[in-house]
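J.: So the chains spell out like this:
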Amino acid sequence: MMTAPQWMVSLVEVIFILSLAYVGLVAIVMLTMLALALIEGRYRSQQQRFEDHAGLARSRFTPTVSILVAAYNEETGVLAAVDSLLHQNFPEFEVILVDDGSTDNTLGLLSRKYGLERSDAGGRPLPNGYKDVVCYSSPVEPRLLVLHKRNGGKASAINCALGFARHRYVCCVDGDTIYVRDALLKAMALVVKDPAVVVGVTSLFGINHTPGIGAEQGPHALDRNLLGRLQHLDLMRSFIVYRLAWSKLGSMLCAPGAFALWRRDVIAEAGGFSNKFTCEDIEMTFRIHEKFLREKRPYRIVSLQEMVAQTEGPDNASALVRQRARWQRVTLETVWHYRRMFLRPRYGIVGMLGVPYYLVFEALAPLMQTLSFIALALLIVMGQVNWPLYAVFLGIVVFANAIPSTIAVLLYDQAYRRYRVRDLLRLLILGPIDLFVYRPILMYAGLRGSWQFLRGDKGWDKFVRNVR
Amino acid sequence: MYSILVSVFLLVFLAWLGLSVYVVLSRLRHERRNKLLGKAMLELGHSQPVMLNAKTRSDLVLPIITRLPQPVVYRTAADVAVYAPVAQVFAVHALARWGANVFTIASEPRPETDRWERISALSILAQVKADCAHDLLFDALQDKDPDVASSAAVFLGRLQDMRAAERLVTALRLNLVLPSFIARQLDNFKIPLDGLLEPLLDLDSAPVRYWAVVLLARHGGGGERHVQKIARMAEDPDPVIRKAVVQTLGMLKASDEALTILTLLYDDVAFVRVHAVRALGRLNRPEFRGSLVAMLEDPEWRVRLAAREVLSSMEQPPSLAAPGRFQAADGFLRTSFGGMDHVHAYSIDNAIKKTRMQTGSEAGRP
Chain A
1 MMTAPQWMVS LVEVIFILSL AYVGLVAIVM LTMLALALIE GRYRSQQQRF EDHAGLARSR
61 FTPTVSILVA AYNEETGVLA AVDSLLHQNF PEFEVILVDD GSTDNTLGLL SRKYGLERSD
121 AGGRPLPNGY KDVVCYSSPV EPRLLVLHKR NGGKASAINC ALGFARHRYV CCVDGDTIYV
181 RDALLKAMAL VVKDPAVVVG VTSLFGINHT PGIGAEQGPH ALDRNLLGRL QHLDLMRSFI
241 VYRLAWSKLG SMLCAPGAFA LWRRDVIAEA GGFSNKFTCE DIEMTFRIHE KFLREKRPYR
301 IVSLQEMVAQ TEGPDNASAL VRQRARWQRV TLETVWHYRR MFLRPRYGIV GMLGVPYYLV
361 FEALAPLMQT LSFIALALLI VMGQVNWPLY AVFLGIVVFA NAIPSTIAVL LYDQAYRRYR
421 VRDLLRLLIL GPIDLFVYRP ILMYAGLRGS WQFLRGDKGW DKFVRNVR
Chain B
1 MYSILVSVFL LVFLAWLGLS VYVVLSRLRH ERRNKLLGKA MLELGHSQPV MLNAKTRSDL
61 VLPIITRLPQ PVVYRTAADV AVYAPVAQVF AVHALARWGA NVFTIASEPR PETDRWERIS
121 ALSILAQVKA DCAHDLLFDA LQDKDPDVAS SAAVFLGRLQ DMRAAERLVT ALRLNLVLPS
181 FIARQLDNFK IPLDGLLEPL LDLDSAPVRY WAVVLLARHG GGGERHVQKI ARMAEDPDPV
241 IRKAVVQTLG MLKASDEALT ILTLLYDDVA FVRVHAVRAL GRLNRPEFRG SLVAMLEDPE
301 WRVRLAAREV LSSMEQPPSL AAPGRFQAAD GFLRTSFGGM DHVHAYSIDN AIKKTRMQTG
361 SEAGRP
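Residue numbers (our numbering), protein chains in the order written: chain A, 1 to 468; chain B, 1 to 366.
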């Protein structure tokens, strides 16, 4: 055992106090979130028992929707994605797919399947900045409009589609995701309850090695891949617990690009999606909150607790790290950009709770986690670790960390009953494992993302799709 | 310190374990009930339950339902996902077993946490078409809780009789529930409602007039009197009403009012012109082809697009026409919802123009 210099002891003490305060804060916030999620989840699952979805699906008064798909090198999944969108159980909608300068056969596949022909998009004028866009229509599927443009990033692709959209609501989706038949219907069911106020809806989507399997009604199949299952559980936890709680508080700060339904005039008024950020989705959500709160206009952005889609997640740790580093980077970019909302009463719950939460628990989490590992390393070097005490503390963290996952599984199962009992058990057991297998990857990805943010990186790091 | 941490650990571990066990047990209990429901379905016979009368159906599955607790019976009776004949048996049973309780719950405003119990009770009364159901549902329509009010509207819509329609029209007139919600129910009525809707055309409230015009498209029955009255509203200062007028005239295929539709082709407001184009298309008369071709030069692209779609559908034999939903008469710019009007929907084009849409590769995607 070595004798530690005084500075090291002081450093460890500071880190220890900081970590303890952080863990305490996490515990308080987590418990509050869990309570809110339980209340909101129970309310939503009861509400959907009485929801008149059938009436909405056949009514001529149901608001119409333009589905906007941004596709870049999506030859693996684009046909299945478009097919799932065209089969939406919804009275009137159009699908506008923007091929954002793909270098693979995305456009060729679409052309072959839908017999695309060059068109003038029904005389729709080309939006400003998109004069080189080539439009294709399908004689077999008049609801589909395909646009081909130079690669410009996802925000640019969605803005282009937005310029062509004819309906009052737009639903931004991904070109590699398979949507369940009622996805649009379930989202619009929330809108029609209060159309003057609900300006945005998002929802949960699952992760599967081969999206589409079990995506429809009936039992959901869990991914065979452990990493896939852990990502799926992570999304469940994030959407069913945290976003549902934020939704209840009126502070839902991220409508992810895989499924985000917006009122079109709101997006246009906000100036369209921005290319200045790594991801356009979270920034748009922050921007709309900021705009409406600043202008003191009533609005709500809500999250469904239902799984509306399945997408493919990275199936190896390195791809996952790249993806999550990008998520961390965009979180930091957005929180930094909207720092003016931080603890400003003018921005209500968003400013006083939402943005601070993002800063403390999303943006700074990797830093705090790393600090606690450094403290542990120093303690080991100094021979100061009380291993039995540490083991008990670790046990607390393991099971406390598993509780939100368990509540997510509980809420989802009580509402939909779609997993077989054995799959439920698997999901429950993954809760405690998560800390050892999944969290370290996220922590590393978070650090990498933070470093990339500090360096000003803007890359996308798209992971390679599985061959289906 | 150690003993405190151990206590905390045990607390957290037991909380996780308890929750996990609860998840599994509650699921197993659900599975068991589902099995019972499956049995009930089998007893009823999958294909014939509709043909049996409610009493026979109830007698068949009574031994199974009596084993279920009250909340489950209530919930199953009201659950829209449950096969309708089975739900009806549950409703009949609930009423037979807890009748007085059902009435009490349905008639009294409940605290927010118990709202679902009231909604279930209202659903049960609506399913068995109890005499008092209409009045209780109308009371519920006036409830401050939007879930109770909107559910009551849906249940009244399912009753499909004149008494229910009267109450829904009153709710529309008094603006009790979101008008689009009420209109959706009224639009599904199979019985003619023109007698109820026509007086609404004379009211001062523009939104009520709007909904009356729109609903008469389905319930007007082509009556000459309604058509003329609706056509007279084509000069209404509110463009949303002018849109509804032209939409309804098109849906009613009111050839005698073609002049009104032709006039609205040159309305100042683009979305009115869009619907005038579509209405003219619905009349499907070759003599109006020239007017439709002229609309291909309209300054607003949505009007041009509508004209193009209509002309293309007129050229095709009916079997090759575009799918119905794409040609739906209500079009892509529909009814007003909660204060957002169509004028607003069009003004966003200017906002889009202001958007700085960059085609450069700033986002850095390869």
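For the record, the hints were derived by calculation from the structure and aren't laboratory data.
Heads up, a few of these hints could be off.
Straight line, CA to CA, 20 Å or less: simulated DMTMM-like cross-link-like pairs of lysine to aspartate or glutamate [unchecked claim]:
| hint | chain 1 | residue 1 | chain 2 | residue 2 |
| --- | --- | --- | --- | --- |
| 1 | A | Lys131 | B | Glu300 |
| 2 | A | Lys291 | A | Asp315 |
| 3 | B | Lys253 | B | Asp187 |
| 4 | B | Lys129 | B | Glu198 |
| 5 | A | Lys248 | B | Asp204 |
| 6 | B | Lys129 | B | Asp194 |
| 7 | A | Lys193 | A | Asp182 |
| 8 | A | Lys296 | A | Glu269 |
| 9 | A | Lys248 | B | Glu300 |
| 10 | B | Lys190 | B | Glu166 |
| 11 | B | Lys144 | B | Asp161 |
| 12 | A | Lys248 | B | Asp267 |
| 13 | A | Lys131 | A | Glu141 |
| 14 | A | Lys193 | B | Glu300 |
| 15 | B | Lys190 | B | Asp143 |
| 16 | B | Lys144 | B | Asp187 |
| 17 | B | Lys144 | A | Glu117 |
| 18 | A | Lys248 | B | Glu112 |
| 19 | A | Lys193 | B | Asp204 |
| 20 | A | Lys193 | B | Asp187 |
| 21 | A | Lys113 | A | Glu141 |
| 22 | A | Lys291 | B | Glu300 |
| 23 | A | Lys248 | A | Asp315 |
| 24 | A | Lys193 | B | Asp267 |
| 25 | B | Lys129 | B | Asp145 |
| 26 | A | Lys193 | B | Asp79 |
Now the stretches of chain B that chain A is said to cover, found in silico as 3 or more residues with beta-carbon under 8 Å [said to hold, decoys possible]:
| hint | segment |
| --- | --- |
| 27 | 25–37 |
| 28 | 69–81 |
| 29 | 85–92 |
| 30 | 161–167 |
| 31 | 226–240 |
| 32 | 305–314 |
If you want a taste of the chain A side facing chain B, the calculated C-beta under 8 Å gives, among others [said to hold, decoys possible]:
| hint | residue |
| --- | --- |
| 33 | Gln47 |
| 34 | Ala57 |
| 35 | Ser59 |
| 36 | Phe61 |
| 37 | Leu86 |
| 38 | Pro125 |
| 39 | Leu126 |
| 40 | Pro345 |
Ideal placement from N, C-alpha and C gives every residue a C-beta, glycine not left out.
J.: Find the hints from earlier in the document that the structure breaks and name them by number, from lowest to highest.
T.: 2, 4, 5, 6, 9, 11, 12, 13, 14, 15, 16, 17, 19, 22, 23, 24, 25, 29, 30, 31, 34, 37, 39, 40
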